[in-house]
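Input sequences plus hints: build the corresponding full structure.
So the chains spell out like this:
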Amino acid sequence: MGLMPASPSSVVAYDPPSQDGWVTTRLEFLVNWGRANSLWPMPFGTACCAIEFMATAASRFDLARFGMERMSFSPRQADVLICAGRVPFKLAPVIRRIYEQMPQPKWVISMGACASTGGMFDNYAVVQGIDTIIPVDVYVPGCPPRPEALIHGIMMLQDKVKQTRSLSNQAQYDEIAIDPTSRLYIPPARIDELSEPFGNSVHQTRSAP
Amino acid sequence: MNVVLPGAALPAGTCDPVTPRGIPHRGGDVNPSADALRAEFGDAIVRHEVTWGETCVWIDAARVREIVLWLRDTPSQQYDYLVDVTAVEHRDAGLPMEMVWHVRSLPYRRFLRLKAQIDAAAELVVPSIEPVYKAANWLEREVYDMFGITFTGHSDLRRILMWESYAEGYPLRKDFPLRGRFSRAEQLSQSLTANPEAPYSMEELNVVDAFHELPADMRERLLRDRGQG
Numbered sequence: 001m002g003l004m005p006a007s008p009s010s011v012v013a014y015d016p017p018s019q020d021g022w023v024t025t026r027l028e029f030l031v032n033w034g035r036a037n038s039l040w041p042m043p044f045g046t047a048c049c050a051i052e053f054m055a056t057a058a059s060r061f062d063l064a065r066f067g068m069e070r071m072s073f074s075p076r077q078a079d080v081l082i083c084a085g086r087v088p089f090k091l092a093p094v095i096r097r098i099y100e101q102m103p104q105p106k107w108v109i110s111m112g113a114c115a116s117t118g119g120m121f122d123n124y125a126v127v128q129g130i131d132t133i134i135p136v137d138v139y140v141p142g143c144p145p146r147p148e149a150l151i152h153g154i155m156m157l158q159d160k161v162k163q164t165r166s167l168s169n170q171a172q173y174d175e176i177a178i179d180p181t182s183r184l185y186i187p188p189a190r191i192d193e194l195s196e197p198f199g200n201s202v203h204q205t206r207s208a209p
Numbered sequence: 001m002n003v004v005l006p007g008a009a010l011p012a013g014t015c016d017p018v019t020p021r022g023i024p025h026r027g028g029d030v031n032p033s034a035d036a037l038r039a040e041f042g043d044a045i046v047r048h049e050v051t052w053g054e055t056c057v058w059i060d061a062a063r064v065r066e067i068v069l070w071l072r073d074t075p076s077q078q079y080d081y082l083v084d085v086t087a088v089e090h091r092d093a094g095l096p097m098e099m100v101w102h103v104r105s106l107p108y109r110r111f112l113r114l115k116a117q118i119d120a121a122a123e124l125v126v127p128s129i130e131p132v133y134k135a136a137n138w139l140e141r142e143v144y145d146m147f148g149i150t151f152t153g154h155s156d157l158r159r160i161l162m163w164e165s166y167a168e169g170y171p172l173r174k175d176f177p178l179r180g181r182f183s184r185a186e187q188l189s190q191s192l193t194a195n196p197e198a199p200y201s202m203e204e205l206n207v208v209d210a211f212h213e214l215p216a217d218m219r220e221r222l223l224r225d226r227g228q229g
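Top line first, the protein sequences correspond to chains A and B. First residue of the first sequence: 1, per our numbering; consecutive thereafter. First residue of the second sequence: 1, per our numbering; consecutive thereafter.
Please note: incorrect hints may appear among the correct ones.
Calculated pairs, DSS-like style, for lysine-lysine (alpha carbon to alpha carbon, straight line, at most 30 Å) [unchecked claim]: (1) K134(B) with K115(B); (2) K134(B) with K90(A); (3) K90(A) with K174(B); (4) K115(B) with K174(B).
No lab work stands behind these hints, which were simulated from the structure alone.
Structure follows, in structure tokens:
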């Protein structure tokens, strides 16, 4: 889960010869169509990306076209967590708990450079990508992304939802497996690898002078 | 005495405020409070200097509380607004650390910067000015959080920006590496095991006990809305 590619058995392809039963595939199509067009977002806005997110939800770009105008400020009624902005370490347990409180199936959009990688904040206080805390489905690049970019990411997520096998697929209800002592869901070595500095920031060493 | 109380009309003949121009880098008009401080406290005042038109008075850190109390309560001073409390650590290891207090007198329209050197090699202890200015509570907590300077007499000295169980040290110190001391996985693991509600004490969470300390309008609103959710 998370950083792993989806297993072939959980992906549905609408290829007529491969359909095992006409009724179930049509029903699956209907369920996926309903899910993809009523993704209620849980906005987790912490920085300037949230301003662009608000612009996306407002009248000019109008998230209502995607059935997403209903912002769910309770994770219990949300389908997609949109993390817009940087996440400091102090917020890491908060976003983890919000994700755990959301009912399955659930999806995560990481909006902007900071949420996806830590961005320019390669320092002691900021998480280097929220995919080290929770699995992410769509990464939207930009600093901050324009509303068009976020809508593109939302449409990518809709495509993903439409391709997911929604009937008799236990994988979509699986929670992330959290290590009880470290509270991490992926191996520590991979977090260090994901958080490796890049670009100019490799010249700033970790050791004290 | 050119006292203009906040909100009062300017006396006749007073010019409108203008943006000062042509201020020298060093020197210029000294805030009269500097000389008044020297007359009152003598050897607790080390020196004073004027930089870009702002007066900075170097004081003895151990006597800061009586100095700001005098600045606040003396009718000829009336420094009623604590703007900032912060600290400076220089890159050169031999230089002492500095404590900085910014105070402003609204009636006299004066700004004063107080600085004190503290020995970086010794224990970093400075008297708290929270008994004088309530605003110093959070400001001193921030200095404690970021620099590790302890304030004696502070009512509630604990971390304010980093979480309570943060174990990597004091981030604004020069020996603190930019990315922190632990690996990213360790940092994330430690933060994920923290309780998100731990920064709040029970007194902060319990509105019922603090009800009588709330402002009157808030009390009325709470009473009116009682039982409506």
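Hint-by-hint comparison with the structure:
Using a Cα cut-off of 30 Å, the hinted pair K134(B) and K115(B) holds, with the two alpha carbons roughly 20 Å apart. A hinted pair counts as satisfied when its Cα atoms are at most 30 Å apart, and K134(B) with K90(A) qualifies at roughly 26 Å. Taking the CA atoms of K90(A) and K174(B), the gap is near 22 Å; set against the 30 Å cutoff, the hint holds. As the CA atoms of K115(B) and K174(B) are separated by approximately 19 Å, the hinted pair is consistent with the 30 Å bound.
Consistency note: the structure conflicts with none of the earlier hints.
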